[in-house]
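A.B. asks: Residue numbers (the working numbering), protein chains in the order written: chain V, 12 to 294; chain X, 12 to 294; chain P, 12 to 294; chain Y, 12 to 294.
There's no promise every hint is true.
Said to hold, decoys possible - Cross-link-like lysine-lysine pairs, in silico, DSSO-like; alpha carbons within 27 Å at most:
no.	chain 1	residue 1	chain 2	residue 2
1	X	Lys265	V	Lys228
2	V	Lys228	X	Lys138
3	X	Lys90	V	Lys265
4	Y	Lys116	P	Lys203
5	X	Lys54	V	Lys228
6	P	Lys203	Y	Lys228
7	Y	Lys205	P	Lys263
8	P	Lys205	Y	Lys228
9	P	Lys285	P	Lys265
10	Y	Lys138	P	Lys203
11	Y	Lys228	P	Lys265
12	Y	Lys228	P	Lys285
13	V	Lys263	X	Lys138
14	P	Lys203	Y	Lys13
15	V	Lys228	X	Lys228
16	Y	Lys205	P	Lys203
17	X	Lys203	V	Lys203
18	Y	Lys228	P	Lys228
19	V	Lys285	P	Lys285
20	Y	Lys265	P	Lys205
21	X	Lys203	V	Lys205
22	P	Lys205	Y	Lys38
23	P	Lys13	P	Lys54
24	P	Lys265	Y	Lys205
25	X	Lys263	V	Lys203
26	X	Lys228	V	Lys265
27	P	Lys228	Y	Lys205
28	Y	Lys263	P	Lys263
29	V	Lys265	X	Lys205
30	X	Lys265	V	Lys203
31	P	Lys263	Y	Lys203
32	V	Lys285	X	Lys265
No lab work stands behind these hints, which were simulated from the structure alone.
There are 4 protein chains.
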Amino acid sequence: MKFGIVVNTNRPRAIAAGKELISWMRKEQIDFVLDANSAENLKESPSVEMENMHEQADFFVSLGGDGTLLGVSHFSNTKPIIGINLGRLGFLAEFCEHEMYDVIKRVLQNNFMLENRTQLEVSVSGKGQVRNFTGLNDVVIEKGTYPGVPVISVSIDNNLVSEYRADGVIIATSTGSTGYSLSAGGPIIIPKSKVFVVTPVCPHMLTVRPMVICDDKEIEVRVETPGDRFVLNCDGMLIQNISPSHQIRVRKAKNTVNLIANERRNYYNVLRQKFHWGKEQES
Amino acid sequence: MKFGIVVNTNRPRAIAAGKELISWMRKEQIDFVLDANSAENLKESPSVEMENMHEQADFFVSLGGDGTLLGVSHFSNTKPIIGINLGRLGFLAEFCEHEMYDVIKRVLQNNFMLENRTQLEVSVSGKGQVRNFTGLNDVVIEKGTYPGVPVISVSIDNNLVSEYRADGVIIATSTGSTGYSLSAGGPIIIPKSKVFVVTPVCPHMLTVRPMVICDDKEIEVRVETPGDRFVLNCDGMLIQNISPSHQIRVRKAKNTVNLIANERRNYYNVLRQKFHWGKEQES
Amino acid sequence: MKFGIVVNTNRPRAIAAGKELISWMRKEQIDFVLDANSAENLKESPSVEMENMHEQADFFVSLGGDGTLLGVSHFSNTKPIIGINLGRLGFLAEFCEHEMYDVIKRVLQNNFMLENRTQLEVSVSGKGQVRNFTGLNDVVIEKGTYPGVPVISVSIDNNLVSEYRADGVIIATSTGSTGYSLSAGGPIIIPKSKVFVVTPVCPHMLTVRPMVICDDKEIEVRVETPGDRFVLNCDGMLIQNISPSHQIRVRKAKNTVNLIANERRNYYNVLRQKFHWGKEQES
Amino acid sequence: MKFGIVVNTNRPRAIAAGKELISWMRKEQIDFVLDANSAENLKESPSVEMENMHEQADFFVSLGGDGTLLGVSHFSNTKPIIGINLGRLGFLAEFCEHEMYDVIKRVLQNNFMLENRTQLEVSVSGKGQVRNFTGLNDVVIEKGTYPGVPVISVSIDNNLVSEYRADGVIIATSTGSTGYSLSAGGPIIIPKSKVFVVTPVCPHMLTVRPMVICDDKEIEVRVETPGDRFVLNCDGMLIQNISPSHQIRVRKAKNTVNLIANERRNYYNVLRQKFHWGKEQES
């Protein structure tokens with residue numbers, strides 16, 4: 012059994028934890044591999060390119076925070092991810108540093124539970140080319156540097172929903188509902204709810220609201236306003252520029268992202284702590 | 012086959028449509044029965060008490076609007092409802108007046124599609140008594156005439172979610188998501204999404220957001236602030252006063268409310284028209 | 012110079028601070044009087060009825076929190092208030108317990124700055140009677156135990172603004188903008204901005220938004236829906252039941268509420284701390 | 012007395028109205044001048060560059076809608092503007108086409124009322140250069156094509172308000188409050204209220220709210236996140252790219268934009284019509 016270790020090399024604490032983890036694995040004779048970037052920063056080996064890591068690793072260990080795990084999810088290709096959280100409480104990275112060795116031991120004993128997270132499959136077609144990718148949190152079509160308000164049309168299973176006049180449109184999974192969609196006014200969606208949410212960003216139509224739909228639907232998005240300054244982002248990364256010639260189709264991906272679950276964690280507790288629901292904020 | 016006819020007797024147009032429908036049914040020798048209130052107002056017979064209508068009627072015909080159909084749903088007891096809409100476009104009452112005869116004919120020919128709508132089952136226990144009822148749209152626990160901000164605790168499957176300091180808490184079905192929950196900032200949920208939404212009303216905790224949860228969960232609500240001026244509403248009707256001694260449990264009801272579907276209607280078109288999404292509202 | 016001392020007698024810490032303050036004043040031969048309730052709870056004298064305290068006291072000392080000071084403001088009748096905050100950071104009660112003696116000494120030396128806060132003057136007329144009162148934070152006309160959505164009309168300087176279908180309408184001062192109005196979606200208004208905000212509560216009309224208006228305008232509110240279960244609250248207290256026969260007029264009061272300013276406090280710092288703006292809340 | 016005529020040449024109806032106006036002015040021997048673009052499109056003369064029009068014209072006539080008038084406001088330099096609205100009801104362009112001749116006649120008779128609208132003065136300094144411009148609606152500092160969430164700090168009169176993690180920050184006048192700020196959740200501000208509103212766009216800090224401040228304050232905005240893809244927009248136009256080296260200062264401009272007022276128009280009526288407040292939108 013081999014572990015693929017990915018470290019957020021911008022965080023000294025993650026680098027330190029990674030070094031310690033590697034020493035321990037060596038001592039315990041646990042097989043591992045690092046992604047090329049982590050290997051270089053930690054001055055460790057063996058390493059493999061991130062894109063190919065899933066071919067060697069049986070499990071991923073993500074050392075950082077939710078952002079690090081989000082990045083790993085794009086390369087894990089169904090291999091389970093152990094998310095170690097080295098900062099503030101996370102929605103995705105469920106294990107604290109001091110729980111790291113225990114969870115790896117349990118994985119080695121085949122004593123663990125998986126949490127399957129639905130991800131989005133996106134295909135962008137335009138000018139003869141089709142580009143496909145997946146997103147665990149969200150796909151965003153937005154205005155970029157266009158200074159006005161573009162028209163963005165959204166259809167669901169080929170039925171027009173609206174021609175939004177808005178800064179952008181977010182399509183988020185339940186996992187992504189606590190990310191950008193929340194900032195734009197979307198609801199919190201408890202993981203495992205079989206729904207997506209379509210959240211317009213700053214709609215100029217005042218009656219428009221976030222819309223929750225079954226995750227068996229296909230969503231088509233198109234920018235209707237001429238120009239090529241519009242952008243498509245996925246999980247907080249710029250994918251490409253968009254113009255009215257692009258058709259963006261979003262549906263549930265066949266594969267889930269698989270997380271090792273922390274059975275001692277409770278989603279509602281995380282919510283309460285992350286969002287300070289215990290601390291009242293009144294006048 | 013017998014039709015149970017319920018008329019919104021506050022609307023002259025509904026009374027007129029009801030009279031016309033009865034004449035036509037008599038002519039066509041279609042069996043029908045009226046609820047006692049409609050019978051009295053239309054000066055027609057035969058009639059039966061609303062509570063018992065479902066024992067006689069195979070189908071309900073609701074003449075009014077969404078509010079009328081919402082009322083009928085509390086008594087239909089799984090018998091399919093034909094919703095005739097005699098005013099503005101409706102989310103529930105899917106047929107226009109001119110479609111009424113056609114849909115009834117199709118029902119007589121057993122040529123129709125059902126749309127099953129999930130409803131809530133609510134049980135209120137306190138002081139030894141338990142009261143049960145169902146709601147198609149929503150259940151609301153709110154402050155009533157209490158002039159301050161009560162604390163209302165919400166648990167899901169026995170896990171505390173939050174002790175909301177808020178005017179109230181709404182638990183809505185997807186059907187009810189376009190009702191009171193929407194006014195309080197909740198998302199639109201497309202029917203058949205297997206989720207509920209828990210929407211706090213005017214929360215004093217600024218980080219609180221509407222929360223979408225699987226409809227297989229049980230939600231428990233309790234008012235934590237001493238007093239007995241708090242109220243429990245269901246589908247826009249006052250059910251009873253509430254105090255901290257009451258425990259309110261909400262779950263998916265075993266039975267659905269069954270609507271005759273209008274196959275020519277498209278939910279997204281209704282949304283666009285109801286909410287004027289075609290009309291831009293900009294400076 | 013005489014100080015009127017008002018203690019939040021529900022808080023042991025306020026009672027203790029009150030007793031200590033009185034000992035100190037006796038020792039320093041500073042003249043004081045307690046309101047009847049505080050006197051009874053602290054077993055101290057001399058005392059006077061709250062309503063008459065402003066006739067004896069040159070300054071008020073409010074021992075508690077923002078709520079205590081809000082209560083004092085209804086009786087201070089332009090006499091300056093020293094707000095001592097004995098719990099979480101306050102918007103109104105600007106002094107911590109350890110700053111109490113220092114600020115009183117400065118008041119005795121006539122070395123202080125006043126902060127004048129605009130308050131609302133409300134007159135409710137109906138059935139021949141007129142009732143007048145003032146509010147420092149807000150006036151709220153709301154549905155009370157009415158389970159549906161009432162229509163509440165708002166006019167400004169005799170121009171109809173809207174017939175809101177909403178749970179209620181809040182009219183708040185800049186001081187009150189961080190209270191109930193904020194929970195209902197209103198903006199934060201920096202004190203001394205010469206504006207009011209009219210904030211609808213859960214409007215069923217999705218295009219309705221909070222509205223900021225000059226504080227030289229007169230606002231008239233009326234419930235249009237028949238019934239007498241509607242309520243009028245002011246500063247979190249129930250004033251009276253309201254029916255369509257009541258006309259509610261709100262304008263800027265002639266007198267301000269006068270607070271002793273804490274020159275070491277900065278409103279933006281208070282905002283940041285109260286609302287945890289330093290702590291990021293992201294996925 | 013000379014009128015400077017500016018036509019929205021993208022709208023055939025505005026071109027037609029412009030031609031008709033010119034014929035009428037020639038017939039009535041009223042002096043006029045066109046901006047270069049309108050002159051070219053209408054094939055009329057005399058013309059002058061937009062930037063210099065205010066030196067020749069005593070009054071501006073804006074033929075189009077609110078957007079056209081917004082554009083004219085950047086060049087009118089205190090000369091009064093007659094806003095003719097050739098489409099949907101406008102907040103700024105107060106006169107319908109059929110009122111055009113009447114208002115011009117009244118202007119010629121010196122029988123009119125001015126409405127002075129506060130505008131923003133913006134100065135952007137960075138790398139030794141300072142750039143100044145004005146805005147009638149708003150100034151926006153936003154993320155542009157940056158796919159993450161930048162940190163944008165806002166200070167008021169040199170007091171830090173917040174380091175917003177947000178897509179952007181809008182500073183709007185009361186005139187601009189019904190524009191982009193409204194889409195981002197800001198309040199409606201009745202014109203002549205002496206306030207600005209600072210509205211964060213999609214803040215990741217859930218407790219952040221729009222903030223209304225006196226218009227005598229100076230607001231300083233700075234992007235704290237490294238990069239140069241951030242943008243500064245004013246009144247819906249891209250001004251320039253922004254990086255952390257730029258300091259943006261916003262205050263009330265010395266000069267107002269002066270509109271000829273339509274005494275038959277009532278701001279609240281415009282609001283009700285623009286936002287369909289008469290049409291209830293409920294389930």
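A.B. asks: Does each hint fit the structure? Answer for all of them.
C.D. replies: Status of each hint after checking the structure:
no. : hint                  : in the structure
1   : X:Lys265 <-> V:Lys228 : holds, 26 Å
2   : V:Lys228 <-> X:Lys138 : violated, 46 Å
3   : X:Lys90 <-> V:Lys265  : violated, 38 Å
4   : Y:Lys116 <-> P:Lys203 : violated, 42 Å
5   : X:Lys54 <-> V:Lys228  : violated, 49 Å
6   : P:Lys203 <-> Y:Lys228 : holds, 12 Å
7   : Y:Lys205 <-> P:Lys263 : holds, 16 Å
8   : P:Lys205 <-> Y:Lys228 : holds, 13 Å
9   : P:Lys285 <-> P:Lys265 : violated, 30 Å
10  : Y:Lys138 <-> P:Lys203 : violated, 36 Å
11  : Y:Lys228 <-> P:Lys265 : holds, 26 Å
12  : Y:Lys228 <-> P:Lys285 : holds, 23 Å
13  : V:Lys263 <-> X:Lys138 : violated, 48 Å
14  : P:Lys203 <-> Y:Lys13  : violated, 43 Å
15  : V:Lys228 <-> X:Lys228 : holds, 23 Å
16  : Y:Lys205 <-> P:Lys203 : holds, 11 Å
17  : X:Lys203 <-> V:Lys203 : holds, 16 Å
18  : Y:Lys228 <-> P:Lys228 : holds, 23 Å
19  : V:Lys285 <-> P:Lys285 : holds, 16 Å
20  : Y:Lys265 <-> P:Lys205 : holds, 20 Å
21  : X:Lys203 <-> V:Lys205 : holds, 11 Å
22  : P:Lys205 <-> Y:Lys38  : violated, 49 Å
23  : P:Lys13 <-> P:Lys54   : holds, 19 Å
24  : P:Lys265 <-> Y:Lys205 : holds, 20 Å
25  : X:Lys263 <-> V:Lys203 : holds, 17 Å
26  : X:Lys228 <-> V:Lys265 : holds, 26 Å
27  : P:Lys228 <-> Y:Lys205 : holds, 13 Å
28  : Y:Lys263 <-> P:Lys263 : holds, 26 Å
29  : V:Lys265 <-> X:Lys205 : holds, 20 Å
30  : X:Lys265 <-> V:Lys203 : holds, 22 Å
31  : P:Lys263 <-> Y:Lys203 : holds, 17 Å
32  : V:Lys285 <-> X:Lys265 : violated, 35 Å
Of the numbered hints given earlier, the model fails hints 2, 3, 4, 5, 9, 10, 13, 14, 22, 32; all others are met.
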